[in-house]
Amino acid sequence: MVNLLGQIRLLVGLKALLTLRSYGRDPLSIVQSVVFIIFIIIFALFLTAAIIGSFIFMQNYLTEAVGLRVMFLANTLLGIYVLWLLVPAFGFRINESYDVTKLLHLPVRRVTLFIASILGNFADLTILIPLAVMAGILYLFTVDAYTFLFNLITLFIFVTNMFIAGQLIVILLYNFIPRIPVWKLLIAFAALAMLCAWFYLAVKHSFRHETVSMFDIAFGLKVYIYFPNGMAASALWNAREGYWLSAFQSLGWLTLNTCVLGAITNVFFSYWYATGNIEGAPVGVRGQTRRAIADLVSAFWVKALRRFLSGQALEVMRKDHLNLLRNRNFLLYKTIPATIGPVLIISATWYNVNYLDFVQREESLPACITTAAMMFAGFIVIAQAHLFAGNIFGLEGRGIFTLFTTEIDKRQIVIGKDAFLLTLYLLDATVFGALTWLLLGKFVLGVFAFLGLMNLFMLMLAVGNFTSAVLPYYFDLERPAVSAQQVILLAIAEAFSATVSLCLLIPPALFIFLPVRFHLPWLEIIGVPLSFAYSFGWLWVSVHFAGPIVERFERMIMLKVSEA
Amino acid sequence: MEYTIFLEGVHKSYGPVHALNGIDLQVREGVFYGFLGPNGAGKSTAIKLMIGILYPDAGRIVINGYDVRTDIIKIKASVGFLPEQLNLYERLTGREYLSFIGHMHGLTSDMVKQHSKELIELVDIEADKLIDQYSLGMKKKIALAAAMIHKPRLLLLDEPFTGIDVISTRRIREVLLTLTKEEKVTIFFSSHVLEIIEKLCTEIAIIHKGKIIKAGEIEKLKREVGREGTTLEDLFLGLIAESDAGSIASKESVEPTPGENIG
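Protein chains in written order, with the numbering used here: chain U, 549 to 1112; chain A, 11 to 273.
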């Protein structure tokens, strides 16, 4: 019988090999991999540089605001943590080794699988982002050899904690939650609602003050201290300042938190391990309610939009609605981007922006920083929406091949798909607007948030139509193989289109956010319709542009099918 | 007598659906044992319980002398398993996959190399191609080779011949027969292809709606039910029909029809 370490080594090796092999199976995936790798490296370096720069800036220019720096550290750690958790939530399963059901018949203990799955995270390419940030933090907080060693251990435990939480998300998302009965899911959502209410009260309390005081910073830290990011931030900060007793105390709490989280995850993992092959359960036992809801929702949208869309586009939209709504993970997908995301964005960003407002008055901080912070909120939402949209396309990606074999007008496919996404975005924007109103206490801000977000989503669709239409043009249909030169050209083209896309987003972002920020309602009255017209114009152009491209894509698919 | 496979009163449910309703089964060492049943009868569930992928709700399962509740790792180490739905890592080559499985079973690198070479020749596959480039038959063959790499005492094969061409089927059949005759390996396999079962197996069990309706030597069973000289297909269809008729009759005797007064 092979020993524990030997099996862990084999499993981690398997994961690394599969990760490596997942890049470059065909020309399209080679291109996507190159773009992904370039993006990851640039993003990791840029993020680390931004964190180091911001921290040094605060250290030099905001010398009195010590709490802000601690808060910044805690927020950075939280950001990395949340980013890591969201990666699997958005469906980026970059290799096959998450699926332990393929190993269930082998003589391997579940604890071995569990440890290997945690360590296997180091074989993921996305690890470059947290590792680069951790390296930056290590650089910022290292004073001598002792602090270096202490910080290294702290960050290692923090990263392990993050991996375990990521593992928990993966288990829940792909294996556990779909099997939980609805009433159990309702209990979980009730708990989430209580958490939101508690968070709301906390934020509301801090907004009672005209400006955010040091008390609020301390309050924020008090909240964070119950979470891994706060514990790690406290340990790092105290070690840097030489308060070793407090530093070790925080490290102890972080370790305990990691162990408890590991134990909880292991319980779920064991359940998964024991029931991992339950897919053989007879058809028709589950999902009846979900199907009824899906039928109801799709029928509603068909009825609502039948005056505006052709029958073909409506059918495409209906098919996508049914595909998505009947998906067992739909509820979870909607929960994360449409509820938890906006709560985090509004509360964290608004809180920090208010503090920046306060600092600006006190210490003459450049006004552009406040504006940039406001823009930041918008762009996070955009990125989130983009990821979500990508995931939806991934979900029904195979269905589009079936449509290509029909006589349907290809432009109607694009219109139908855009209409489908807009109906989903409407839900996102409504939740976002309602939360803005609830958390900030001003109805008009809720309305602006709703309108602004819908506007941006519309533009995102236009950009999506353009970028997804650009790619197939680069391939020689007669030669399926792709050269290194083509890959590089494609990567450049992709990077260029991404940059252009971002530039397109700036005008409506300015139209919507700046008047709110500077309390200019008259500008808002002009700005909202103007930006709507701008976005709708792009959407219209993109549909007419993407139609012929889809036709070409169809020919490429048909060629591949006939080759196969 | 010690059995290679011993099941006693095994129950397994998926929510409200009872997949297995207290099955009893005994399989001796070195026997080529066929497991028959219509779709949804509980064949795959029973096999998954034997390998420890699923846990029984009630009953006792002993495989190769090990109890499934206490010695699950030992069972997995001593059994080779070919699932109906092939769970392969498709971005590995056939050779890499065999090497991974061999090492996970604790074989040395030399043993892995030697066994892989033998098995690759035996099942006749292109071992250096990625598995995702294999046809279904080739995938079946590599999965079968992986199930045999550690030279197990028991092979549990769930629909092993589905999707495999005639030439390969004959070759694999010969290999499996050699294993049972010369090396006393017990082979337990489920299949819909009754001709193959009739050619290979000495003993069978027929499962229907989660219950074993008949088990034993094929010829003995035919005599028992008065179907001597008929094919296995006739025997199978006859027993299933009898079982259905029996269950309907027993249901009718318990449930009153609408408007009928049982008092």
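In case anyone wonders, no lab produced these hints; they're calculated from the structure. Don't be surprised by glycine CBs; every beta carbon is placed ideally from N, CA and C. Fair warning: there could be bad hints in the mix.
What the hints assert, rightly or not - Beyond 10 Å from chain A on every Cβ pair, some chain U residues (computed):
| hint | residue |
| --- | --- |
| 1 | Leu-562 |
| 2 | Lys-650 |
| 3 | Ala-847 |
| 4 | Leu-853 |
Unchecked claim - Listed next, with one range per pair, are the computed distances between beta-carbon atoms:
| hint | chain 1 | residue 1 | chain 2 | residue 2 | range |
| --- | --- | --- | --- | --- | --- |
| 5 | U | Asp-843 | A | Val-235 | 46 to 54 Å |
| 6 | U | Leu-700 | A | Gly-147 | 48 to 56 Å |
| 7 | A | Arg-38 | U | Leu-552 | 31 to 39 Å |
- Message: Under the constraints set out in the numbered hints, which ones does this structure not fulfil?
- Response: Structure breaks hints 1 and 2.
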